[in-house]
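Undergrad: If you want the building blocks of each chain, they are given just below.
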Amino acid sequence: MTDLTRLLAHEMADRLRAGEISSHDLTLAHLDAAEAGNHALNAWLTIDRAEALRQADAADTRLAARDPGAHPLLGVPIALKDLVAVRGGQCTAGSRILEGYVSPFDAHITERLHSVGAVILGKTNMDEFAMGSSNEHSAYGPVANPWDLETVPGGSSGGSAVAVAAYHAPLSIGTDTGGSIRQPAALTGIVGMKPTYGRVSRYGIVAFASSLDQIGPFARDVRDAAALLHAVAGRDERDSTSAPVAVPPELLELPASDDEAAAGLKGKRLGLPREYFVAGMDPDSRRRIEEAVTGLEGAGATVEEVSLPHTDYGLATYYIVAPAEASANLARYDGVRFGPRLGDSDVLGNYLATRGRGFGPEVKRRIMLGTYALSAGYYDAFYVKAQKVRTLIKQDFDTLFDEGFDALVAPTSPTVAFRFGAKMADPVAMYLSDACTLPVNMAGLPGISIPCGLSEGMPVGLQLIGPAWSELELFRLSRGFEALTADAAWRSMEPAQIALTTDPAQPTPTERASALASVP
Amino acid sequence: MPGLSRSDVEHVAYLARLGLTADELSLLEGQLNHILDQYTKLAELDTEAIGPTAQTIELENILREDVVLPSLPVEVVLDNAPLVRGGYIVSPPLLGEDSGR
Chain F
1 MTDLTRLLAH EMADRLRAGE ISSHDLTLAH LDAAEAGNHA LNAWLTIDRA
51 EALRQADAAD TRLAARDPGA HPLLGVPIAL KDLVAVRGGQ CTAGSRILEG
101 YVSPFDAHIT ERLHSVGAVI LGKTNMDEFA MGSSNEHSAY GPVANPWDLE
151 TVPGGSSGGS AVAVAAYHAP LSIGTDTGGS IRQPAALTGI VGMKPTYGRV
201 SRYGIVAFAS SLDQIGPFAR DVRDAAALLH AVAGRDERDS TSAPVAVPPE
251 LLELPASDDE AAAGLKGKRL GLPREYFVAG MDPDSRRRIE EAVTGLEGAG
301 ATVEEVSLPH TDYGLATYYI VAPAEASANL ARYDGVRFGP RLGDSDVLGN
351 YLATRGRGFG PEVKRRIMLG TYALSAGYYD AFYVKAQKVR TLIKQDFDTL
401 FDEGFDALVA PTSPTVAFRF GAKMADPVAM YLSDACTLPV NMAGLPGISI
451 PCGLSEGMPV GLQLIGPAWS ELELFRLSRG FEALTADAAW RSMEPAQIAL
501 TTDPAQPTPT ERASALASVP
Chain R
1 MPGLSRSDVE HVAYLARLGL TADELSLLEG QLNHILDQYT KLAELDTEAI
51 GPTAQTIELE NILREDVVLP SLPVEVVLDN APLVRGGYIV SPPLLGEDSG
101 R
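Chain order of the listed sequences is F and R.
Counting with this note's numbering, you get residues 1 to 520 for the letters of the first sequence.
Counting with this note's numbering, you get residues 1 to 101 for the letters of the second sequence.
Since the hints were derived computationally from the structure, they do not count as laboratory data.
Cβ coordinates follow ideal geometry from the N, Cα and C atoms, glycine included.
Treat the hints loosely; a few may be bogus.
What the hints assert, rightly or not - DSBU-like cross-link-like pairs, simulated, lysine-lysine; straight-line CA separation at most 35 Å: (1) K388(F) <-> K268(F); (2) K41(R) <-> K388(F); (3) K41(R) <-> K394(F); (4) K394(F) <-> K266(F); (5) K268(F) <-> K394(F).
Unchecked claim - Covered stretches of chain F, going by a simulated chain R footprint (3 or more residues, C-beta under 8 Å): (6) 328 to 337; (7) 356 to 363.
Taking the hints into account, I'd like the entire structure generated from these sequences.
TA: In structure tokens form, the structure reads like this:
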């Protein structure tokens, strides 16, 4: 009998419609996998078995009606990052300061997922308030990467990436402020997209940096990721930054045939930004990107070396703008209206205690940076300067797309997944993990990471970056690359340590991280 | 660019309403200065004639109809408050003798 968890979402949809399987059985298989794997992986903060099965049964009723207009996600399980509001459930954003909070409403994307009939299995682990590149900054412990359990899955959407990579769910939702979907997708060998700023409503999502945050899909193939974006994208009056731009129905019609998908690459004009091969980039990861470029050229695309001259200023710019916005957004966590209230003195004393103990070290660091950058006397020198450099970074991209490039091809991450603790002592080293992804957020553009092979047994991600609103084109190009590599040996490989993840005798990620920390 | 002193770090922590321990303040002093060093790179660029970018997708003034929409019931919202009395959230006094300031 087929292991239902190994199917892709569109294969699940086909079998659900054909009546070969029920959403109830499909959901049960995934709940069992998630519960069995969570000890060794810690990808989930909550798994709601009863509610998921209730949604699955409702989906089975809808499937029985055989509505030809039903969305392909009807009856298909999905995981949500624990910063998406689901009525009646927790929404910790990976932080102690939201412990005990129960959401009184659904996020816009939760409503959308309910309306198409997807089955929400639970909420996934993440770096606190989405600040981090390794998921080690979660207040609820780190997440292990199923390719090597002593390594991180990337972050901040590490739990959502691992839930999909480890077959706990075919689909999940993440958010990406500087790379938090694309980098963990790369490090766990799956597909992850950050759409154009404004493509998906953020109503009901815990805010980090409001001019950068965007919601996007994780999946094990390109068609599934496109279908999930289709389900959640589009204008919503409750988020004034969600754009009145039509969501293309063709997101559901990417070619199933590899020949057709690969043929779509012919004549495409791609740019290879030389600045993205940063100093410190792992040479073997670089070779995988170069091989991918050779493959794309072989399929009839032209790839030209191009320059994004302000790339090198991206990190400093991002680490002014994002913490500044975060320090303002996180001012709401004051222990007055919701969340734990610590301290028993005056208002100020309670603020200091609640925020001092409720936030973890990385969140405090960023609030400090942002508060400093916005404080009297430094606002012009830091924040305004960074916003001006942001203009230059955006103009770099605009220039290339105006010249007619269909997309840019680049690495997603300078390295493959690193060991627990490797970058925890040096915040700047951790921040450099996002050097290839954060300029895309600064410019508000869509970017996707797709698997392009292995380096010493660990996944490498290829990033495609397009002009605003070009998600459909990025998915078509990505589907083309997927088709080109359909027969590659690495395509059919499961994460190398997947079998260990269901062994209850294995250490937890927290235990592994502390064992590694004690090695001199 | 001058670095942050210990008292600067304490002042920023106060502005941010973060109660930090002595150990946290010491660690942050070093880390924040290391991060601020990275910012100096931006001074290489002449941005005198460049406008700032605050938002990237060139939308302007999207308005909705000025109509009342349903909102959450008060009791549902108050369920999350740490201390509630008579339909209000209770907090220590902000002004006056009992405020502590």
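Undergrad: Give a verdict on every hint.
TA: Hints, verified against the model:
With a CA separation close to 32 Å, the supplied pair K388(F) and K268(F) stays within the 35 Å bound. Between K41(R) and K388(F) the CA atoms are separated by roughly 14 Å; this keeps the pair inside 35 Å, and the hint holds. A hinted pair counts as satisfied when its Cα atoms are at most 35 Å apart, and K41(R) with K394(F) qualifies at roughly 18 Å. A threshold of 35 Å between alpha carbons decides the hint, and for K394(F) with K266(F) the separation of about 28 Å falls inside it, so the pair holds.
Restraint check for K268(F) and K394(F): satisfied, since their Cα atoms lie roughly 22 Å apart, inside the 35 Å limit. Three residues within the 8 Å Cβ limit are the bar, and the stretch 328 to 337 of chain F against chain R gives 5, so the coverage statement holds. Coverage of a stretch by a chain is defined here by at least three residues with a beta carbon nearer than 8 Å to that chain's beta carbons; for the stretch 356 to 363 of chain F and chain R the count is 4, and the condition holds.
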